[in-house]
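There are 2 protein chains.
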Amino acid sequence: MRMTPLRRNVLALLVKAGEPVKAYDLLDQMRSEDGSAKPPTVYRSLDFLMEVGLAHKVEALNAYIACAHCHDKGGAELYICGKCGSVDERHGAPEPLNAPTGFETQRSVVEHYGLCAKCH
Amino acid sequence: MRMTPLRRNVLALLVKAGEPVKAYDLLDQMRSEDGSAKPPTVYRSLDFLMEVGLAHKVEALNAYIACAHCHDKGGAELYICGKCGSVDERHGAPEPLNAPTGFETQRSVVEHYGLCAKCH
DNA sequence: TCTGCGCTTGTGATATTATAACATAACCAA
DNA sequence: TTGGTTATGTTATAATATCACAAGCGCAGA
Numbered sequence: 032m033r034m035t036p037l038r039r040n041v042l043a044l045l046v047k048a049g050e051p052v053k054a055y056d057l058l059d060q061m062r063s064e065d066g067s068a069k070p071p072t073v074y075r076s077l078d079f080l081m082e083v084g085l086a087h088k089v090e091a092l093n094a095y096i097a098c099a100h101c102h103d104k105g106g107a108e109l110y111i112c113g114k115c116g117s118v119d120e121r122h123g124a125p126e127p128l129n130a131p132t133g134f135e136t137q138r139s140v141v142e143h144y145g146l147c148a149k150c151h
Numbered sequence: 032m033r034m035t036p037l038r039r040n041v042l043a044l045l046v047k048a049g050e051p052v053k054a055y056d057l058l059d060q061m062r063s064e065d066g067s068a069k070p071p072t073v074y075r076s077l078d079f080l081m082e083v084g085l086a087h088k089v090e091a092l093n094a095y096i097a098c099a100h101c102h103d104k105g106g107a108e109l110y111i112c113g114k115c116g117s118v119d120e121r122h123g124a125p126e127p128l129n130a131p132t133g134f135e136t137q138r139s140v141v142e143h144y145g146l147c148a149k150c151h
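Protein chains in written order, with this note's numbering: chain W, 32 to 151; chain F, 32 to 151.
To be clear, the hints were calculated from the coordinates, so they are not data collected in a lab.
Computed from a predicted structure; not experimentally measured.
We treat Cβ as the ideally placed atom computed from N, Cα and C, and that holds for glycine.
Heads up, some of the hints might be wrong.
[To be verified] Listed below are the simulated DSS-like cross-link pairs for lysine-lysine, each with C-alpha atoms no more than 30 Å apart in a straight line:
1) K149/W - K53/W
2) K88/F - K114/F
3) K69/F - K53/F
4) K88/W - K88/F
5) K149/F - K47/W
6) K53/W - K69/W
7) K69/F - K88/F
8) K53/W - K88/F
9) K114/W - K149/F
10) K114/F - K88/W
11) K114/W - K149/W
12) K53/F - K69/W
13) K47/F - K69/F
14) K149/F - K53/F
15) K114/F - K53/F
16) K47/F - K53/W
17) K149/W - K69/W
18) K114/W - K88/W
19) K53/W - K53/F
[Unchecked claim] Covered stretches of chain F, going by a simulated chain W footprint (3 or more residues, C-beta under 8 Å):
20) 107-121
21) 124-134
22) 138-148
Whenever a hint applies, use it, and build me the whole structure from the sequences.
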């Protein structure tokens with residue numbers, strides 16, 4: 032598992048976008064430079080980036096973002112503005128108090144959709 | 032917007048399943064009775080059920096469940112066991128303390144994946 | 001240096017999930 | 001009863017994601 036030019040390129044595209052990007056939009060961008068990119072190319076790179084904590088999937092949008100807290104593998108809480116598309120990533124929410132007793136969480140998906148401070 | 036036999040049937044299938052169900056699995060079940068069901072049939076029914084708060088989408092699974100707290104339209108926190116597939120639905124988590132200032136949440140997706148008390 | 005192994009990428013096909021667009025039918029109020 | 005609204009039927013296609021197998025690359029050890 033190592034960083035490669037291909038993977039670095041995908042990460043760079045995510046960082047440059049600064050907001051959630053669809054896999055096929057990434058693919059289009061890669062194709063405009065490379066021509067030979069195909070879906071597995073981008074999905075594999077995204078899988079790698081998520082595995083090492085450099086990217087997240089925004090589940091309810093089927094989109095991907097660069098992690099704003101690089102080197103942090105844990106789940107993030109995402110605050111996603113429906114108007115301007117910005118995403119504010121937070122970490123470290125406490126364990127919910129109303130969790131079922133005995134439930135052992137391995138991965139959490141927390142996405143809040145609404146309006147950011149600038150957009151309302 | 033009213034409950035119809037078709038929509039009631041979709042809800043019944045969700046309730047009977049008792050766990051997250053894929054849209055196309057619902058479709059297969061409907062077809063085995065009806066024969067004429069097509070994707071828009073099931074997706075439209077699911078949209079209706081979610082709109083009135085009788086069903087939720089499990090975003091990270093692309094699956095749907097009956098709401099365990101019927102008549103509650105707000106977001107739910109789902110605790111999903113990766114081993115047995117059970118889903119425990121909770122409501123009423125407090126607003127996160129570390130939210131960005133000024134962010135106005137309209138909809139929240141909260142899904143915790145792990146092992147339920149019985150499965151570990 | 002060579003060789004073999006594991007990881008990475010290329011490539012074509014296909015699976016899965018979801019929606020668009022338009023036609024028909026059912027419901028219900030005026 | 002008629003006209004508008006809501007619901008369903010139907011065909012096609014869009015959008016998202018994975019499989020399977022081949023080829024390349026990089027490096028540890030012979």
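So, going through the hints one by one against the coordinates:
1. Simply put, K149/W and K53/W have alpha-carbon atoms about 24 Å apart, close enough for the 30 Å limit, and the pair holds.
2. The hinted pair formed by K88/F and K114/F meets the criterion: a straight-line CA distance of about 19 Å does not exceed 30 Å.
3. The hinted pair formed by K69/F and K53/F meets the criterion: a straight-line CA distance of about 14 Å does not exceed 30 Å.
4. Of the supplied pair hints, the one linking K88/W and K88/F holds, its CA atoms being roughly 17 Å apart against a limit of 30 Å.
5. Between the alpha carbons of K149/F and K47/W the distance comes to roughly 45 Å, so the proposed pair goes past 30 Å and is violated.
6. For the given pair, K53/W sits about 14 Å from K69/W by alpha-carbon distance, which is consistent with the 30 Å threshold.
7. For the suggested pair K69/F and K88/F, the alpha carbons sit about 19 Å apart, so the restraint of at most 30 Å is met.
8. Taken as a hint, the K53/W and K88/F pair is honoured in the structure, with Cα atoms around 20 Å apart against an allowance of 30 Å.
9. Restraint check: the Cα-Cα separation between K114/W and K149/F comes to about 42 Å, which exceeds 30 Å; the hinted pair is violated.
10. Taking the CA atoms of K114/F and K88/W, the gap is about 22 Å. The hint holds against a cut of 30 Å.
11. Restraint check: the Cα-Cα separation between K114/W and K149/W comes to about 10 Å, which is no more than 30 Å; the hinted pair holds.
12. Between the alpha carbons of K53/F and K69/W the distance comes to roughly 27 Å, so the proposed pair stays at or under 30 Å and holds.
13. For the hint pairing K47/F with K69/F, the CA-to-CA distance comes to about 21 Å; that is within 30 Å, so the pair holds.
14. About 24 Å separates the Cα atoms of K149/F and K53/F, which keeps this hinted pair within 30 Å; it holds.
15. Among the hinted pairs, K114/F with K53/F is consistent with the structure: their alpha-carbon atoms are about 17 Å apart, no more than 30 Å.
16. About 35 Å separates the Cα atoms of K47/F and K53/W, which puts this hinted pair outside 30 Å; it is violated.
17. Note on K149/W and K69/W: the hinted pairing is violated, with a Cα-Cα distance of about 37 Å set against a maximum of 30 Å.
18. Simply put, K114/W and K88/W have alpha-carbon atoms about 19 Å apart, close enough for the 30 Å limit, and the pair holds.
19. Only pairs whose Cα atoms come within 30 Å are accepted, and K53/W paired with K53/F is accepted, the gap being roughly 22 Å.
20. Coverage of the segment 107-121 of chain F by chain W holds in this model, with 6 residues showing a Cβ closer than 8 Å to a Cβ of that chain against a need of three.
21. With 10 residues having a beta carbon nearer than 8 Å to a beta carbon of chain W, the segment 124-134 of chain F meets the requirement of three or more and the stated coverage holds.
22. With 11 residues bearing a CB less than 8 Å from a CB of chain W, the segment 138-148 of chain F meets the requirement of three and the coverage assertion stands.
Comparing the model with each numbered hint stated earlier shows that hints 5, 9, 16 and 17 do not hold.
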